[in-house]
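Listed below, chain by chain, are the residues.
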Amino acid sequence: MTTITIGIADTTFARADMAKCAISELKENASVKIERYTVPGIKDLPVACKKLIEERSCDITMAFGMPGSDPKDKICAHEASQGIIAAQLMTNTHIIEVFVHEDEAPSDREFAELAEARAREHALNVIKLMFKPATLEREAGTGQRQGYADAGPARA
Amino acid sequence: MTTITIGIADTTFARADMAKCAISELKENASVKIERYTVPGIKDLPVACKKLIEERSCDITMAFGMPGSDPKDKICAHEASQGIIAAQLMTNTHIIEVFVHEDEAPSDREFAELAEARAREHALNVIKLMFKPATLEREAGTGQRQGYADAGPARA
Amino acid sequence: MTTITIGIADTTFARADMAKCAISELKENASVKIERYTVPGIKDLPVACKKLIEERSCDITMAFGMPGSDPKDKICAHEASQGIIAAQLMTNTHIIEVFVHEDEAPSDREFAELAEARAREHALNVIKLMFKPATLEREAGTGQRQGYADAGPARA
Amino acid sequence: MTTITIGIADTTFARADMAKCAISELKENASVKIERYTVPGIKDLPVACKKLIEERSCDITMAFGMPGSDPKDKICAHEASQGIIAAQLMTNTHIIEVFVHEDEAPSDREFAELAEARAREHALNVIKLMFKPATLEREAGTGQRQGYADAGPARA
Amino acid sequence: MTTITIGIADTTFARADMAKCAISELKENASVKIERYTVPGIKDLPVACKKLIEERSCDITMAFGMPGSDPKDKICAHEASQGIIAAQLMTNTHIIEVFVHEDEAPSDREFAELAEARAREHALNVIKLMFKPATLEREAGTGQRQGYADAGPARA
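Protein chains in written order, with this note's numbering: chain A, 1 to 156; chain B, 157 to 312; chain C, 313 to 468; chain D, 469 to 624; chain E, 625 to 780.
Careful: at least some of the hints might be erroneous.
[What the hints assert, rightly or not] Label pairs and their in silico Cβ distance ranges:
| # | chain 1 | residue 1 | chain 2 | residue 2 | range |
| --- | --- | --- | --- | --- | --- |
| 1 | C | A342 | D | T471 | 32 to 38 angstroms |
| 2 | D | K540 | A | N92 | 32 to 38 angstroms |
| 3 | E | K696 | C | T314 | 40 to 46 angstroms |
| 4 | C | D415 | E | E734 | 42 to 48 angstroms |
| 5 | D | T603 | A | A30 | 42 to 48 angstroms |
[Unchecked claim] Here are some of the chain A residues that sit facing chain E, going by a computed Cβ distance under 7 angstroms:
| # | residue |
| --- | --- |
| 6 | D10 |
| 7 | A14 |
| 8 | R15 |
| 9 | A16 |
| 10 | A30 |
| 11 | T38 |
| 12 | K50 |
| 13 | A86 |
| 14 | P106 |
| 15 | Y148 |
| 16 | D150 |
| 17 | P153 |
Derived from the structure by calculation, the hints contain no laboratory data.
Where is the CB? At the ideal position from N, CA and C, for every residue including glycine.
Pulled out of the complex, with its shape left as it was, chain A reads as follows:
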């Protein structure tokens, strides 16, 4: 069986090393090869992910970013997300976006905890996408969340 290669793109702008948490979670759960690519900011992530896929043979990629709370930063995040979706369509390859917005947590400590939890839960989503698609299908429509408590299914 060929080893799966997982691309990890992240930024020096972010205030938490989400990539490290995700890599640790990935390695605990599967035997995978990691290719890491750090860029300055969130808008550099789309091409970094595309290069990981096309030039470093990644089978799937994670993109870690931390948009600031300023309206300008929100627009940057929007542009990055559009680019990440375009990169996926150009390569037929998943890029799991893991963004934590600076204003999602009231303190540094809670922000760091949220970032780590979200990174780890999305690492598990990568494992499921690559190795356990049936698990994802069983969880379809069940209100899963990453970094927060699950919302659960709506009771009919």
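Given chain A's structure and the hints, the job is docking chains B, C, D and E onto it.
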């Protein structure tokens, strides 16, 4: 006659299993093959649909998502929709988007009912697009709605 | 001389049969072949137009839609418009977008009148683009409107 | 030396014949061939420009538009601008966008003057891009404006 | 070893010659070839960068722009950023966007200082991307900023 294959892409984020309702409706109305692909969130849908079309030979695809009520979630839905349109243009294949916004219904029960009704009505649209285009043409400009009562044509 | 084929894409969501008005206007003014394609909603129009161009050999296409008045509907219209522009760039073929927003008219009757007038005037634009480009050039910068009274040129 | 061909795309919607002013300015400053293409509205400009480049061999193109003051019109202008940027990327060819917003001037007379001044100054930019790139480089970061007084460089 | 070529795209609209500062910083830190391309405005940057990459063999490009403070200018910057991301995806090449918004500083003097500092710090990012990727990886998640004091990592 070749059997039509219908792709079904949905998410673990959503709080209702719309895909299940749609698959049931599709099977009641036509003899079709179903390919299902569950991904974590709404922004993973565009590439999932493109893979269903290009790697799993789907003739048409449905994309089920449930955007949350937060402004951030609205932007995610917008990005996903743009990606779904791009995926259609890259493949010359329809992807019927079935999104139910969390704030469209006041209670869990009504939300679940709306989600099921919209999923079933859009499943019928898929059947019409693939098997009964003349029916769609007869309904042109008649104010059809999915999950709500039809608006009907404007009386001149 | 080869007959020009004009694609007509419209929706079952719209509350007026603009396509019928446009087809009537087109046939009164030129000998053309019509290919009609009705889809459920406005976001299905971009790929429908691209299929009309690439799979049904249309030389030009019209896209009829009626965005609702809800903010969500405005975003759908924006996404559809972006897709229609992308489809044109991918095919080097005009797609004349004819959208009538639900909130452009105060009553059903006025809405239906506006929709018919706009559909007919844009049908004439299609005729000009295909057969009378010099007429369009003569009207350049003259404040033409479709469905409303012309604004006319700014008096210097 | 091969003659440069300059594409001129404009609309019947606009209330000023900016193209005429630009063509006059271009011809006063260089020996160029002009290809003009008038379309109904601003959203028809991207494909018109791409056709000027790919089907009528233009080396550079100008796109003239006049967005109305309604929010709907602002969104149309945004969509047109995105399409114009995409057309440039698909052809590796400049399209100089010359838009004058209806609400930029308080009266018809001032609007017409602004439109003419902007059209002429951008025509000079086209001349510089094609014939005098060193002049543009000398003006880098100097706060040039088109139709208004130059802002000038920020004094450090 | 082949010399790296760095593209520098900037505008005459900007009120500071950021490109000059960046070129000076680049030359102080590495032996590189510079290709400069000045265009009128921010929306001309995406195709300028793509031409630098594809027609003038740049290995990486910097794009300098100064969006005005008017809402219209903010939308221009958004469109330019989307185009810059698209150009990167089409070429698998980084374009480091260096935009300074006119309203980021209260005075001309502070604006000019901010513009120079940001240009120089992003020039160092270019050096790291091309020559020292391990340095970027060490700075991952550490809250780096360009032109402002670094935010630093969130303390867990």
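Hint check:
1. C:A342 - D:T471: 32 to 38 angstroms: 36 angstroms, holds
2. D:K540 - A:N92: 32 to 38 angstroms: 36 angstroms, holds
3. E:K696 - C:T314: 40 to 46 angstroms: 44 angstroms, holds
4. C:D415 - E:E734: 42 to 48 angstroms: Given range 42 to 48 angstroms: holds, Cβ gap about 44 angstroms.
5. D:T603 - A:A30: 42 to 48 angstroms: 59 angstroms, violated
6. D10: 5 angstroms, holds
7. A14: With a minimum Cβ separation of about 5 angstroms from chain E (threshold 7 angstroms), the hint on A:A14 holds.
8. R15: 4 angstroms, holds
9. A16: 5 angstroms, holds
10. A30: This hint is violated: A:A30 lies away from chain E, its Cβ roughly 22 angstroms from the closest one there, beyond 7 angstroms.
11. T38: 4 angstroms, holds
12. K50: 6 angstroms, holds
13. A86: 6 angstroms, holds
14. P106: 12 angstroms, violated
15. Y148: Where the cut-off is 7 angstroms and the nearest Cβ of chain E is about 18 angstroms from A:Y148, the hint is violated.
16. D150: 23 angstroms, violated
17. P153: With Cβ-Cβ at 33 angstroms, over 7 angstroms, it is violated.
Hint compliance for this structure: hints 5, 10, 14, 15, 16, 17 are not met, and every other hint is.
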